[in-house]
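**Student:** Okay, here's what each chain looks like letter by letter:
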Amino acid sequence: MEKMKLVVVGNGMAGMRTVEELLKISPDLYDITVFGDEPHPNYNRIMLSPVLAGEQTIDDIILNSREWYAENNITLHTGKKIHKIDRRLRMAFAEDGTFALYDRMLIATGSTPFMLPIPGKDLKGVIGFRDIKDVDAMIATAGTHKHAVVIGGGLLGLEAANGLKIQGMDVTVIHKNEWLLERQLDKTAGLMLQRSLEAKGLSFKLNMDTKQLIGENGHVKAIQFEDGSELAADLVVMAVGIRPNYALAESAGIHCDRGIVVNDTMQTFDPRVYSVGECVAHRGISYGLVAPLFEMAKVCANHLANFGIGQYKGSVTSTKLKVTGIDLFSAGDFTGNEDTEEIVLHDAVGGIYKKIVIKDDKIIGSVLYGDTTDGSWYFQLLRDGKPIHEIRDNLMFGQDSLGNTGHEGQDKVSAMTDEMEVCGCNGVCKGTIVKAIQEKGLFSIDDVKKQTKAGSSCGSCVGLVEQILVSTLGGGYAPPSSAKTICGCSDKGHEEIRQQIRDNKYLNIPDAIKGMAWRTPNGCATCRPALNYYLISTWPHEAVDDPQSRFINERVHANIQKDGTYSVIPRMYGGVTTPSQLRKIADVADKYAVPMVKVTGGQRIDLLGVKKEDLVDMWADLDMPSGYAYSKGIRTVKTCVGSEFCRFGTQNSTQMGIDIEKAFDHMWAPHKVKFAVSGCPRNCAESGIKDVGIIGVDSGWEMYVGGNGGIKTEVAQFLCKVKTSDEVLEYSGAFIQIYREEARYLDRTVHWIERVGLEYVKRRVIEDAEGRKAAYERLLYALQGAVEPWSERVKKRNEHKEFEDITI
Amino acid sequence: MSQWTKITTLSEIPKLGSRVVRSAKGDIAVFRTDDDRVFALHDSCPHKKGPLSQGIVYGDKVACPLHSWQISLVDGHAQDPDEGQTACFSVKVEDGMVYLEL
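These protein sequence lines map, in sequence, to chains L and U. For reference, each letter of the first sequence is one residue, going 6 to 813 in our numbering. For reference, each letter of the second sequence is one residue, going 2 to 103 in our numbering.
No wet-lab data here; the hints were simulated from the structure. It is possible that some hints are incorrect.
To give a feel for the contact side, a few chain L residues facing chain U, derived at Cβ under 10 Å [what the hints assert, rightly or not]:
1) Lys138
2) Asp141
3) Gln456
4) Thr457
5) Ser462
6) Pro515
7) Ala530
8) Asp551
9) Pro552
10) Ser554
11) Phe556
12) Asn558
13) Cys689
14) Lys806
15) Asp810
Note that the coordinates shown come from a computational prediction; the quantities given were computed from them, not determined experimentally. Built from N, CA and C at the ideal position, the CB exists for glycine as well.
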């Protein structure tokens, strides 16, 4: 069957991003033809400022090479401008006579700089700042002339001015407003910015209206203002705004209203014609930043691929100036009014200004100058509309998501040199990441993870990676929404998937994947373990636990090591052992020539370097239960000595620990779960950094939740105080059960609490007594009749041929 | 001279799973996909030699258990953006019996 024909008018970032998204999900649906009026393949327009500043070259910023078009069987016409669309014949005509038939069309004609309608605007040397041609003209002029004038003190104007200054020109910025970037900054920040730029050698004329441009021999010579004064100018860059390019669409009879009007599926009034990018008017708004274009591209590709899901509902945008050495960030409504509150930090000498505008307990806008570390965090809170009263006290001091281990304690990327290591797991330096973002055209954390590996292992440096993205891309970076999809196999988020598993009572992975319309026949290594967990935690005793969807460690009940051997850690409830147990472990270690015997951080003993084929024999000889040290589930309950022996102990913490570990043994969870019980506030069991930390006091037990001692040290938060050990079991069991039922797979308790809020947890576990008891009952029901996996494997050793190797 | 060697029956390889064959050419992982296709790769990830036989199988790929590199069962190539290739072996199924060409 002949493929449908897709004609793309416009070879820029929006159009090509749509094509890329389309190829990803439906590579064979269309024969694609692309027309672009520039002579270049698609390049990263937002990197033109670094090119002008001499930090990048044109080759560096090419996003799709000509080879890419060829590899994907896309017919590319560069330097050919479509000037007519005949919708009856479904044909597009270029000025040189080239034409193409279409079944569907994508118009992505972008925008053009708005040129002030003043006398002299057509003189030579008067340009906009939009494409490679403009940059070439600026660099050429800088080589031969001295005086540059930039009209417009917005983002683009300032970036142009900075670049021209670096190219060696004397630059004056003319701005009609009282301060710079009035659409992004309030007056305080605007003045701070002006001072910094003046220190770089730029001049400013504010509150000035341009009357005309004066020429000599057809070339611009000077600029004259309304008050009659003049300024020498060999080059005038107009950066006073952009206008969507919709003339072509309008001439074809497609409805336009200051842009090509599209609905939420990016469809124009002609159902065969779609449009994305700066040329569209969506709900009356045209966007001039790259992040919204990418959101549009994704939605548009989905509909072009006939999937028919996904809606574009408009974007909240943030901006950042791409001038090296200047850190500013702004998002949302940063001006405020009588209905809003403000939190402001202003250190004039230190050059730091931060303002957060709050309305009805939510962030609605923010301006940061000098220290933009937390910009993307504020932006995310803004986009998600998250209530902030719980974190209000700390809001101004940042997310504290940084300061993790693995990158020399750095938490501000601006203070790092290019050689400094960002990702300590994979050895990736800051410079490598910046280069990859610029040259490979990366726009998201996932892109960076894939291309550079930074942030792809333990994830502790993701905050730094995000900062690098923000500072390199400026407004081109959009933080991921918190409602993230499970993986590339589905567009559904974790919560929706859990809900559907409940509602439709899916009991096995094939049914779930089919019922929820996965794009892949049997998922991938990311979604299958998650699905398996969601199934067995939602329908205990009913859902099928699929071993092939479990990570190898949980499949073989041992921890795989770097050389393919395994580690064996038997349970020692509460960290208490006996001489006979120790003798047995020693004998087993001898018999199987275990290369290393190590005491773990969780108060038990690890036998490392065991061959896979020895596992079952070893378990038989050990005759001890599995310690689940390999599981997303209950790991250890660490205890201190407690009142039995310790002269300070107020409670029998060891027994409490043993009781907890026995009660919750065999429990699977979204991620590993660690407990600790201390017998007094000296807290020798380190309860403050555990998922559930219990501290004995004279009058009972205090409970803390959401602690973590790993990648990032998180101090557990106080949940409640109870009197008896039965209550400890009930409260902690209910807490863990609600976490098991509601957290996303691979969320530790801290991440889950961060999302739902401690108040929510308190409401469910403390205030709602019935709910707590019911949750605890559900946990006990789920654990009923749980089988000890090692002895089970020993018993059924002949049934599991798959674990035996075949020797030939 | 290479020759076909009888390995095991198809039913002895779990769906979306694998078996390891110890041979003179080293350990070979024999995989079975959900739709009963069978593939054989050198049991060693091109990245850090992780045992691919222990990974999660999906579609016609396997994710290495050590660092989640995704390796194509069809040609042994690592998926973008990783680079590398694991040796492949020919394998066939006849009357429910799996044969490996060595």
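**Student:** All hints are to be evaluated individually against the structure, with a verdict given for each.
**Tutor:** Comparing the hints with the structure gives:
A cut of 10 Å between beta carbons decides the hint on lysine 138 (chain L): the least distance to chain U is about 33 Å, and the hint is violated. Interface hint status for aspartate 141 (chain L): violated, as the beta-carbon distance to the closest one in chain U is roughly 32 Å, over 10 Å. For glutamine 456 (chain L), the interface hint holds, since its Cβ comes within 10 Å of a Cβ in chain U; the closest pair sits about 5 Å apart. At its closest, the beta carbon of threonine 457 (chain L) sits 9 Å from a beta carbon of chain U; the interface hint therefore holds under the 10 Å criterion.
With its C-beta approaching chain U no nearer than about 8 Å, serine 462 (chain L) sits inside the 10 Å limit, and its interface hint holds. Interface restraint check for proline 515 (chain L): the shortest CB-CB distance to chain U comes to about 8 Å, inside 10 Å, so the restraint holds. Among the interface hints, the one on alanine 530 (chain L) holds; its C-beta lies about 3 Å from the nearest C-beta in chain U, closer than the 10 Å criterion. Checking aspartate 551 (chain L) against chain U: minimum C-beta separation of about 8 Å stays under 10 Å; hint holds.
Contact between proline 552 (chain L) and chain U, as hinted, is supported at the beta carbon level, the nearest pair being about 8 Å apart and thus within 10 Å. Because the beta carbon of serine 554 (chain L) sits about 7 Å from the nearest beta carbon in chain U, less than 10 Å, this interface hint is met. Hint on phenylalanine 556 (chain L) holds. Least Cβ distance to chain U is approximately 7 Å, under the 10 Å limit. With 10 Å as the threshold, the beta carbon of asparagine 558 (chain L) comes within range of chain U, its nearest partner Cβ sitting at about 8 Å, so the hint holds.
Checking cysteine 689 (chain L) against chain U: minimum C-beta separation of about 35 Å lies over 10 Å; hint violated. The beta carbon of lysine 806 (chain L) comes within 6 Å of a beta carbon in chain U, closer than 10 Å, and the hint placing it at the interface holds. Restraint check, aspartate 810 (chain L) versus chain U: the minimum CB separation of about 4 Å is within 10 Å; hint holds.
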